[in-house]
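With the sequences and hints as input, model every part of the structure.
Read in order, the letters of the sequence shown correspond to residues -20 to -1, 1 to 45 in mature numbering (1 follows the signal peptide of the UniProt record, and there is no 0).
Some hints here could point you the wrong way.
[Stated by the list, open to error] Below, in silico cross-link-like pairs of lysine to any residue (SDA-like), each with a Cα-Cα straight-line distance of 25 Å or less: (1) Lys(-18) to Cys2; (2) Lys(-15) to Ser(-5); (3) Lys(-15) to Leu(-4).
Calculated from the structure, these hints are not laboratory results.
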Amino acid sequence: MTKALKLLVLLAALGSLTLAGCGRRGSLERPSPAPAVAADPATADQAAPEAPLKPDRPFILDPII
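Here is the structure:
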């Protein structure tokens, strides 16, 4: 094999291994069940204060998504 062909095979193998490592393997997760008792709307506002919004911090690879 020539040097260029060996390099091409190596790059193809590394590329396929990289792509195979993407994602998550396993079964799908079910959503959590709905609460059995509905919360009282009068106390719901007092119980959980709103969290402050997080600033948008762009990542360098965002344009390719």
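Each hint, compared with the structure:
1. Lys(-18) to Cys2: Status violated; Cα separation ~29 Å.
2. Lys(-15) to Ser(-5): 15 Å, holds
3. Lys(-15) to Leu(-4): 17 Å, holds
Violation of the numbered hints given earlier is confined to hint 1; every other hint is satisfied by the structure.
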